[in-house]
Structure formats: structure tokens, C-alpha cells
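Taken in order, these protein sequences are the chains called V and L.
Numbering-wise (numbering that gives the first Met the number 0), the first sequence opens with residue 0 and increments by one.
Numbering-wise (numbering that gives the first Met the number 0), the second sequence opens with residue 0 and increments by one.
You can trust all of the hints, since none of them are fake.
With the C-beta cut set under 8 angstroms, the calculated list includes, among others, these residues of chain V facing chain L:
no.	residue
1	84
2	143
3	154
4	155
Because the hints were derived from the structure by calculation, they are not lab data.
As the structure is a prediction and not an experimental result, all values here were calculated from the model.
We put the CB at the ideal spot given by N, CA and C, even for glycine.
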Amino acid sequence: MEKKKVWIFGDSYASPSWITNVPHIWPLRLEKKYDVKNFAKGGTGIEWSINTFFSEIKHYQTHNLDLSNITVIFYVSEYLGRPNFHFIKNCHDQSNLKFIANKRLINLGALSPSTEDLKKTYDEYLNFIKDYFLYIYKHDESNPLFFSQILLLKHVSGLFNKLLCVPVFSDIDAFNEFYGRIENTDKFMISKGNVMVNTNSLPDAPNHLSEINHDIVYNMTVDWIENNAVFDTRKLIKVS
Amino acid sequence: MEKKKVWIFGDSYAILEKFLNPDLIWNDTTCDLSYTWPRRLAEKYDVTNLAHSGTGIWWSIDQLKKQVKGLSSLPSKLFKSQQQKDIIVIFFASEYVFRPHFTFFDDPMDSALMKEFTRRDRKWKGSFYKQYVDFIKNFYEYNCEHQEIDDHQNINYVSYYTFLRQLSNKFNKMLVVPIFSSPHKLFGKIENTDKFMIAEGQPLWNHDEKNVNTYHPNHMRQENHDIVYNMMVDWIENNAVFDTKKLLKIS
Numbered sequence: 000m001e002k003k004k005v006w007i008f009g010d011s012y013a014s015p016s017w018i019t020n021v022p023h024i025w026p027l028r029l030e031k032k033y034d035v036k037n038f039a040k041g042g043t044g045i046e047w048s049i050n051t052f053f054s055e056i057k058h059y060q061t062h063n064l065d066l067s068n069i070t071v072i073f074y075v076s077e078y079l080g081r082p083n084f085h086f087i088k089n090c091h092d093q094s095n096l097k098f099i100a101n102k103r104l105i106n107l108g109a110l111s112p113s114t115e116d117l118k119k120t121y122d123e124y125l126n127f128i129k130d131y132f133l134y135i136y137k138h139d140e141s142n143p144l145f146f147s148q149i150l151l152l153k154h155v156s157g158l159f160n161k162l163l164c165v166p167v168f169s170d171i172d173a174f175n176e177f178y179g180r181i182e183n184t185d186k187f188m189i190s191k192g193n194v195m196v197n198t199n200s201l202p203d204a205p206n207h208l209s210e211i212n213h214d215i216v217y218n219m220t221v222d223w224i225e226n227n228a229v230f231d232t233r234k235l236i237k238v239s
Numbered sequence: 000m001e002k003k004k005v006w007i008f009g010d011s012y013a014i015l016e017k018f019l020n021p022d023l024i025w026n027d028t029t030c031d032l033s034y035t036w037p038r039r040l041a042e043k044y045d046v047t048n049l050a051h052s053g054t055g056i057w058w059s060i061d062q063l064k065k066q067v068k069g070l071s072s073l074p075s076k077l078f079k080s081q082q083q084k085d086i087i088v089i090f091f092a093s094e095y096v097f098r099p100h101f102t103f104f105d106d107p108m109d110s111a112l113m114k115e116f117t118r119r120d121r122k123w124k125g126s127f128y129k130q131y132v133d134f135i136k137n138f139y140e141y142n143c144e145h146q147e148i149d150d151h152q153n154i155n156y157v158s159y160y161t162f163l164r165q166l167s168n169k170f171n172k173m174l175v176v177p178i179f180s181s182p183h184k185l186f187g188k189i190e191n192t193d194k195f196m197i198a199e200g201q202p203l204w205n206h207d208e209k210n211v212n213t214y215h216p217n218h219m220r221q222e223n224h225d226i227v228y229n230m231m232v233d234w235i236e237n238n239a240v241f242d243t244k245k246l247l248k249i250s
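This is chain V alone, in the form it adopts within the complex (with noise of 0.2 angstroms):
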């Protein structure tokens, strides 16, 4: 019997690739048992992602190519806070640029260049990231293009079998009141509970997660492509 097929977008918490192989990650578990196209890269924005996400599916509607038997699955990273700018010379450099933007000396992580190294390769542009953090990014971190980014995957959903939707930073449900609840369809679900980052994570771990929260994800993501169950992050196992 044919795989299904699955395509997985977003950032770190999506991505499969690791600088040792660990087997027990959910994106590679899910690689085994289905037909898998994982586009995520590790410190990537929504815009990146989305951009990834439309010109596949302009390549797939300009040759006539089936989008209705592929499931998706979106991880929803930061929009303004990750920027898409030409001058990035490594995707996962996005999430750097607001740390560098600043005089702050902060360790990235293992799996990061030193925020020292990133002034060094984006020296020439510093003055502008900058900026950049100055006059856009404070100013619109309560504004709508997040929400707006779920609704646009909501929009598209109709596409193809269906697609997940799991934010990793912003809490949707603290925009109903004004926004008002986003409904899920029969092709639409968006993850339930608390925001990946919350409560679960570990940052130096494979997709920040620990071993048994691996476990976790990657049967609910399961459960949601076989019976479309529930994708719920308060089963996630806190990290106290």
C-alpha cells in the first residue's frame, strides 16, 4: 500500500536535521511511516516558511500536480522577530538577528554560532537590523500578522487533505477577543493547549523536546493523520 503523504513546514521544533543523528525525534519517527517532505529549518520565520510553503504549491498548481492527497503539518514560528531579509546567509541566522541587533551577549545554544561570530558576518548590515528591531519590530509586536499567517494556512487548507497547525511562540487563544476564535474545519486543526515554547521545552534537546514528549508528539501526530484526534500540547510531559 502507498504512504501517505506528508509535508511538515516551521522552524526548530519541525526540523529533522540534527548534528547527530537521533533516531527517537518525531520527524524522523514520521519519515519511517509516511511519505515525508520536511521543509523545516531550525531558526526560521512564519515568512520564510510560508514563501517555502506557496512555492510548492505554484509548482504543484503549474504542473498540474495532485495537492489533494498530501497532508500537512505547519509549525508556526515568529513573524516580525525572524525577518526574511536577502542578505541572510543561512536560514537559521533569522532568529539571531535580534541578538545581535543588541548589545547583549547571549548563548544561542550549542547548535548556534556565537552571537560575537553573527556581528562578524553581518557587520556590514548591522546598522540596519538595528534599525530594523527600532522601527518595526517594537512597534508591531501586537500586531495582527500572525494571526492573519494561521488564517492564510486556513485559506489554503482546502488545497490539500488537511494540515495541523501547531504555533510554537504566540498563544492564539489570546487574540479571540478581539480576532475572534478561529474555527477549525474538516481540513483545518489547530493544536490545542499551551504554545510548544511554554512548558516543554529544552533547548539544547532534538526539537527542544525530551525523549518521552518525542514519544508523545509523534503519536498525536499520528492520531491526527489516521483519525484526526485532537492535537492537544497540554499531553506534553512538563519540564519543570
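Given chain V, put chain L in place with the hints provided.
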């Protein structure tokens, strides 16, 4: 009988002209602005017009958000929600990429000037924005110009039209009139609902009027103000389709 409550958002296409600026009007135009559709609508309904020339879509959405927050001074959340459900929203959907939302604006309308700074030396407000010119130029170069601009814009237009449709659920109903670009259909049509309608026809900017009536109030002549007013009232009263194909063409 109480007048229906109407909130209007957008750019120059929707502003309520409060006074005549003789520098911006052709010589053969009457100085009487009572014919303009925003004026006439404000007479018929209880209108709050928050449109502002030169502004972009997200600025208007901010105004909408502030306006809703203003209702929160009302006694209870339930009452606020009921009030919001009475309000009819007319949203003239402006630009996104070329009307950004920077913190240093002297006036929100300066949003429309930003792209100009990348093309030539601006005299007007040049000294005010002198310290920001490098940033503005770089913003477009690093943020926009490397992307396939049509795709980038189409994706963003779909995102904000679907966003407005989501917001419409909280109101009596919402009409969205595209000014510069209609939502792209490549990724699936954005369907109307009983609370949400996107105007049919070309975006207003594509209408021939723009070439000859740039400086007229709302960029259209009196006959077209009549047509827009009548279509607006017909949508408010009867949910009739608002169709820009009904506007008269100059050429």
C-alpha cells in the same frame, strides 16, 4: 428612528473631506463638497469615518482595533459585544508592501511617501526623514525586492482579506473595497459570507478615473460619487452587491 451605525476605514478613497484645499482641485470643479459619497453617507447614517490619506492596510486595522477597544468603556463585555454586532463596517483596503508602518512617521499619511525615498531625492519632508532615508532604502532592498514581488503581494493580500473576513464575524457586516489589488484566486477564492462581502470588479486604482482625477475628492467625479453612494446604501439596506464595474469610465 435611530440611525444605523457605520464605521469607515481606508485611505484617501474613503476620507471625509472636511474642507476644500484649492491647491488640490482642478479649476473647473465646484467648491461644494456636499456631493461626495462620504459626506452624503454621514448625513444618512451615524458614521464614524477613520479613513486617512496615504495610509496602508495595517494602519487601518490598528484604527479598527482602537475603535473596538473604545467600546470597552461600556459597562459590560456582553453589552460591548452587542454594540459591536450593530456596527456596519466599510473597509477600503489599501496597500501593504509599499505603505509600511514605521515608528518614526511624522504623520500616518507619510506611509505612502516611503517608496518615493528609494527612487529620488524627495524635497517634501526630505529634511524630516533625512536621518531615516538609508533605512527606508535598505528596507525595500533587503526586505522586498529580492522576493518575487507578485507572489509576495498575492500571498499577503490573501492573508489580509481572510483576516478581514474573520473580523467581520464580530460586526453586523463588513464590505471590503479593494483599492490597489484584488485578492488572488490562484490559492482559492475568498468566498463572501452573510457578514462579509468583497466588492466585485476591478480595484478602484485600476479605474480610469485615477488618471484624470487624482486630486479630486476621493479621486472621482461627481457622477461616480453618486454611483458609489447609491451602491453603498443599497449594500447597507439590502445587501446588494457593490460592483466597481458600474462606475463610469473616462476614456
